[in-house]
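Student: Chain by chain, the residues:
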Amino acid sequence: MREAETGLRVLIPEAEVYEHNPKRLYITIPRERLTEAAKFLHRDRGMRLAICTGIDTRAGFEVLYHFSEDVTGIMYTLRVLAPKDDPKLESQASWFPAADWIEREMHELLGIDFPGHPNLIPLLTSDTDWDKSKYPLRRDFERRNEAHER
Amino acid sequence: MSEGMRPMSDRRIVPIGPYHPLQEEPEFFKLIVEGETVVDMEINLGYNHRGHEFISPELTYDQIPFLVERICGICSNSHPLATVLAVEEICAIKAPPRGAYIRTIIHELERIHSHLLWVGLAGHFIGYNTVWMWAWRYREHILEVFEMITGNRNHYAANKPGGARRDILPEQVPQILAALDVAEKKTLMLTNAVLDDPVIRARLERVGVLTREQAIAYSVVGPTARASGVDIDVRRDDPHDAYVDLKWNIPVLPEGDVFAKAKVRLLETFESIRIIRECLGRMPDGPIQVRVEEIPPGEGIGHTEAPRGEVFHYLRSDGSNRPLRHKIRAPSYMNIASNVVAVRGGSIADAALTLAAVDPCYCCTERMAAFEDGKLKLTGKDLLRLSWQKTERIRERF
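If you read the protein sequences in the order shown, they are chains F and Z.
Residue 298 in our numbering is what sits at position 103 of the first sequence, and the numbering runs on without skipping anything.
Residue 564 in our numbering is what sits at position 377 of the second sequence, and the numbering runs on without skipping anything.
One chain only, chain Z, in its complex shape:
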C-alpha cells in the first residue's frame, strides 16, 4: 500500500458473512474495529427473506401451521403452536386436556433437542469438537422419540387449531421415558464436563456481556434475557395448554455473559425433562382435539416460549377461511439486534462467540499467522507450545 492510500483513522472493517461455509443462514455482520477491539457493528439481514407474512393470507387456517412450521427447522413446533393459539383465541376455545398435554410434551422435547444442538455448536465454535459430537449424539435419542410419536424427526405437524393432530399411544410412553433417562444422564455428564472445564470457563466468562438495562432496552427474550437477569418466561407469565397445571424452576442468572447463556440453556434442559415426565405421569384421557366449525371475525395473539425465547404471532380474521393479516415475530429478531451492544469493547475473536451465544445458526473461525520482516514468526509447533503454556496457566488459576 502506498503512503497516500493509508487510511486516516485506525478504524477498519472486518466483514463476517453473508455467505460463509460454516454458517447455516446468510447474515452479514460488519464489525468496525480498532486494532483487535470491536468498537461498533452493523447487521444486515434479509438475504433469505421468504415472505411468510405475505404467503400466509393466501392459505386457509388448516394450511398455515404447515407453512409456519417451515420458518425454522429447529423450533418447528413453536411457530405452529403460536399460530394455533392465536386462532383458538379468536374462536375463544381451548384444546381439550389430552391434546393440551400432548402439545406441551412435544414443545418441551423440542427444547431439549434444540438446547443440545446449541451446546454442540457452542463447543464447535470454541474448538471443542468432542463436545459437539457428543451433544449431537445424545440429541439423537430425542429425535428418535420425535420420529416415533409424530412420524418425523423435524417438522412434527403436531398442532392444529383446536388441539393436537396425533395421539401419544400408551405403549409409546415407556420408550419416551427410557429415552429421557438416557438424555438426562448424558446431559448431566455433558453439563458437568462443560461447566467444570477451566478452559471453557476462561473462554466464555465475561465475554459478550449484555447488561440487564441493555436487555430491557432491546426487549430481548428467552435464555438471552434470563442470562442477563430478566426473569421472563411466557410459559409461566401467560400460561397455555398444560403449563397452567405445572410447576418448574426457571433459571435466571445475572452475569449476562456467554457462559451464563450456556448455563441457563443447560439447566433448562433438565427442567424440560422434568416437565415431560410430569405430563406423561398425569396425562388425562379423552379427545385430543375439538372441531373448529368456523373462525369468527376478530383478532388473536398467540405467543409461546420457544427454545430461543418468545415466539409471537398475531392473526386477524374477517370471518372467511383465510386470515386478513398474519404477523410473525421469531425470538432471534429481538435477540440478534442486541448483539450490537454485546460485541462492543470485545475482541474480534470474542465477537464470533457473542454472536453465536444468542442464535446457534452462526459461526466463524479465525486462524493466526504472525509475520516479522517478511518471515513467519511463529510456526505450528510454536503455537502448540504457547497453547500448552496457556492451559497450564489457566489450570493454576482455577
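Chain F with its partners taken away, still in its complex shape:
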C-alpha cells in the first residue's frame, strides 16, 4: 500500500521511518539527501508540498517537509537536521516553486540558509525597520524585552 515508503527506503537506506499512525509517516534523512528525496516524492510519486516547518531544538534546526499524497491521504514528512553552527539546507525552490516562499520565511524567522535559492529576500519582516540579526522563532529570542522596547 505504501509504495512511496518502500521506494524511499530503497533510495535512502539510512532513512529512519517513524509511523505515528498509518496516515502520518515521519522519515528522518541526512540533509545531504534532501533534494533527492524531495524530487522522488514530488516528481516520481506526484506528491504535493503542503508546507515546511522549521523548529529550533537543542540538537539543531529541525526542518520538516510535509508532503501530502492526496491519492491515499498519507502525509509523508521528511525530517532533516541543520546543525546550529552550520544552519544550511540545499534549496528546493530552484526546481520546485511551491518551496519558494516558505524557504524565504524560514530564512528570516529562523536564520536557516538555503544556498541555491533564486531570491532569498525577506518575505514577511520589513525591509527597512527590522533588525536582520534577530530571528523571532529561535529559542534565544528575547520575547519579553522585545515587546517592551517597542
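These aren't lab readings, by the way, just hints derived from the structure by calculation.
Being a predicted model, the structure only gives us computed values, none of them experimental.
Treat the hints with care, since some could be wrong.
[Claimed, not checked] Within a straight-line C-alpha distance of at most 27 angstroms, the following computed DSS-like cross-link-like pairs (lysine-lysine) qualify:
1) Z:217 x F:327
2) Z:373 x Z:450
3) Z:450 x Z:281
4) F:218 x Z:434
5) F:327 x F:283
6) F:234 x F:279
7) Z:281 x Z:372
8) Z:373 x F:218
9) Z:434 x Z:372
[Unchecked claim] Here chain F is said to cover these stretches of chain Z; the calculated rule only asks that three of the stretch's residues, wherever they fall, bring their Cβ under 8 angstroms from a Cβ of chain F:
10) 259–267
11) 478–489
For glycine and all other residues, C-beta sits at the position ideal for the given N, C-alpha and C.
Using the hints provided, position chain Z relative to the given structure of chain F.
Tutor: Using the frame of chain F, we list chain Z on its own:
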C-alpha cells in the same frame, strides 16, 4: 518628460497596493507591464504580520483555538478545527460521533457563506454590483443560522480538543433546514444568472489561466486547484469527523480560468447544502465532547478543507500544557504565489480579476480616459455608446 529621461525599455511598473480603499488586507502586487500586457509580477506581503506562530506557544491548548480563529474572519472555523485535529492526533483520540457531526455542519455552513461572499465580491470586481448585493443578502440567512447555533455571526468558537463546544438543539434543526432551503433556491437563481450571462462569460472565460502543470508545481489547493483539473479535497482524501460516513460530488474542471473557479465554487455550495442536510438527518445522539486529560509529548498534523483550500496545522508537544511549536499554513499562502504565472500574458484589467479569483480579499478598479492632442477624446456618453455596442456584439456571439 524631457527626451533624456525617457526609459530605455518599454517595460513599466503598475503598482497595486499595499493600501487601497477597496482592499481588505494590505498586499502589494507590482505588475511589470509592456503596454497593456503584464509580463511579470512581484508579490510583497507581511504588511499585517501578526505573529500567530510566535504567540501560540505562549498559550495553553484550550486557548489556542480562540487565537487561531482570529487568523481569518471568513474561514474562522477552519483554523481552530485544524488545530484541534492536530491536538487529537497527538493524544490519539477522536471526537464522539455527535460532536464530529456538529463540527462538520458548522464547517460546511462556513463554506456556503464564504463562497457566497466570494461570488458577491467577484460580481463587484467586474462591475456587477447587483450580484454583489444579492449574494450578500442571501448569505445573511446563513449568518443568522450561525448566530442561532453558535451565538455569533463570525468566530463561532465551535471546536475544542476532544469535540464540539456547543450542542445543536433539536428545536433548531427545522430552522436550519428552512434557511438551507432559502439558500439553495437563491443560490440556484444566482448560479443560473451568473453562468448564463454572456457578458460575465465573455469577461471571465480564458482569463488568468493556471494550467494543471503550474497548479501542481505551485502545490495550490482548494477551488484554485480543482478549477485547474487537480482532483484534490482533504475532506475526501484524508477524511475526519463526519466526512468518513458521507458521500458527495467534488466538482473538478480542467479550464483553469477565472470562470472555472467561479463555477467550482458555486457548484460546491450545493454540495455543502447536501452534506448539512444529510448530517442533520442522521445526527447520532450522545456526548458532544470527550475530556482531554493531558497532552502527551509528540507531534500532530491537522489539516482540513477550508473554503479556499487545505488549512494545515502542525503541533509539537513536550508534554506540558503549551505547545513547543505551532506551524500554521493558510490556503492563500500557496494560492497567491501562483498568481505570478496566472497573470503573465494577460492585460492589466485581467490581472485584478485573476488576483481576485484565488482570494476574495483583494480588488481593484480601473477608469479610462483617452486624450489626443491635449483634448479629451472620448466623453462619458461616447464610452456608454461603445459599451452598448460591445454588449450587442457579445449577444450575437452567445
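Student: For every hint, state whether the structure bears it out.
Tutor: Hint check:
no., hint, verdict
1, Z:217 x F:327, "holds, 24 angstroms"
2, Z:373 x Z:450, "holds, 16 angstroms"
3, Z:450 x Z:281, "violated, 35 angstroms"
4, F:218 x Z:434, "holds, 21 angstroms"
5, F:327 x F:283, "holds, 17 angstroms"
6, F:234 x F:279, "holds, 26 angstroms"
7, Z:281 x Z:372, "violated, 36 angstroms"
8, Z:373 x F:218, "violated, 40 angstroms"
9, Z:434 x Z:372, "holds, 22 angstroms"
10, 259–267, "violated (count 0)"
11, 478–489, "holds (count 4)"
Checked against the numbered hints above, the structure violates hints 3, 7, 8 and 10; every other hint is satisfied.
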